[in-house]
Amino acid sequence: MDALAPRPVALGEPEVPGVAVRPVGRRDRTYARCLLPALVLLAVVTVAPTVYLIVTSLTPLDLTRPATALDFTQPLGNYALLLHDHRFWNSVWVQAKLSAGTVAFQLVGGLALGLLLGVRSRFVAACRTLFLIPMVLPPIVVAIMWKVLYTPDISPVHTALLALGLPIPALITHPDLALPAIIVADVWEWLPFTALMVLAALKMMPEEPLEAARIDGAAGWQILRHIVLPYLRPALLVAGLFRLIDSVKAFPLIYILTDGGPGTVTEVTNYYAFRQAFNFSYLGFSSAITLALVAAVFLLSWWFVRVVGTRGDVE
Amino acid sequence: MSRVPRSRRERRQRRLAAALVALLAAVVLFPFLWLLQMSVKPTADITAFPFRWLFTPTAAHYRALWESQFPVSLWNSTVVSVATTLVALCVGVPAAFALSRARFRREGALALWILATRMAPPIAFTLPYFLIYRHLGLLDTRLGLVVIYLTFNLSLVIWMMRSFFDATPRSLDEAAWIDGASVWQGFVRVTLPLAAPGITATAILCFLFSWNDFFFALILTRTEAITAPVAVVNFLNYEGWEWGKIAAGSTLVLLPVLAFSLLVRKYLVGGLTAGAVRG
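As they're listed, the protein sequences go chains A and B.
Sequential numbering of the first sequence, starting at 1, is according to the numbering used here.
Sequential numbering of the second sequence, starting at 1001, is according to the numbering used here.
Check each hint, because a few of them may be wrong.
Unchecked claim - In the BS3-like style, the derived pairs of lysine-lysine whose C-alpha atoms are separated by at most 30 Å in a straight line are:
id, chain 1, residue 1, chain 2, residue 2
1, A, K203, B, K1266
2, B, K1266, A, K249
3, A, K97, A, K249
Keep in mind the hints are simulated off the structure, nothing from the lab.
Starting from the given sequences, assemble the full structure and let the hints guide the process.
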């Protein structure tokens, strides 16, 4: 077929128009055929539901009254309702507290753990894998583990503190302590993620500036402050933004530990949307809450792309 | 400055770091180990006060699980996770290859869309899927779960495999063409075998993300297609507080995850950040 094509030119050369081995058109058609099924499937499983979500948010859909599915008389009714819904704004505030708490502790803790795990020692290297366990466990199993630790009857922590004469109240049913309890569990679960990102960045760090600083007699903390930290900044930024965006999805921990309670103390926005839809069956209103949430996540992602771009900061 | 004091100080620091790491590992692993031991602890010892460190291990909780509906939910989890992984790979791998080798218009828009689906909270897909499945009769079916898991698996495959294909040399494709192979033949016979480790890692990640899902299965299944994570939670909600059974069920759900995660630990961060940062 094309065996007579000029071999030396084509072999290993970047594609140059005119000296391609095969007709470009045919090759491009193959590539297009490879891509097409994925695009169609992606559109069916993601674009179509998104459109449906937007349409639903314009109706007062209530599953107990099927006629409401096609009621477009007040398309923005749900959004107007949302603006004056105290419970919605409460959920936004809870979400803000949860996100701020988890991201801050995961960044600081992840940085410390990452630096610690970066120490050159065979023992430390062997232990690294152990620290991955919380992050790879199924989220629901993590939630159950913490449910055990937070249930006074069976909790080893409660029992031990009681034996020491320091009894603590049940955390997840306490109005002031329920949210911190969830933050602790979330930090435990995702600290390895930020630590891993820090560790990956540390491994790529050039040796020379460190050596130079040491020879110049810089103290350990000076090296950390002026050389290591500035170098780790992009990695920390990526890790933090990731955790921030993911914190908006917090569900299994809240579902298992507090069910949004006591009252609405731990009811984050996606949990509120879940309750409106599947406890009260107001799917139209829930869709509006969800879209507001998606819009917020979208803005965060856009900011993310602006800040991080497509630089390969990871790996 | 002489070398000796510094190396001695370094050695001391290293020992200190090792001790700290050991301590932290113990603290971090404690909740996990506690759950594991609960799964083989007799019920009377679980609630005993003060608690007993020493007890005779029992398989009673696992036996109770075996006789309940739990094996069915494990089977559902397995079938659904394998099926969605296979579909995502069959459709996503060729697409990733095409994206790696050719330039397309609006590639940026595609990238942004994939990122958006990765970032969106699961409830955004759950609501419309719930309504659509009610009409199509797909609620509480394994097929329904397979389809909704594609929302994250397909983008994961496209993004991870694209960077694996970027790392395989183009010159080999071109050499295959010179030998008379078509683009498709070159892909199947030359590039695909080279990317096999990447495909394995991607497949495992897809399987894990599907296996770990709780939210979609909670909303879209009731009894027939219930997956293992939801079944474990049902022990918590409906069947009283049978902690031994809950711990045993959790252990069965997490064991395959631990085994597979160890195999792909190199790619974990890449998989978790897929779509946003190209490695």
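Each hint tested on the structure:
no., hint, in the structure
1, A/K203 to B/K1266, "holds (13 Å)"
2, B/K1266 to A/K249, "holds (25 Å)"
3, A/K97 to A/K249, "holds (14 Å)"
When held up to the earlier numbered hints, the structure conflicts with none and fits them all.
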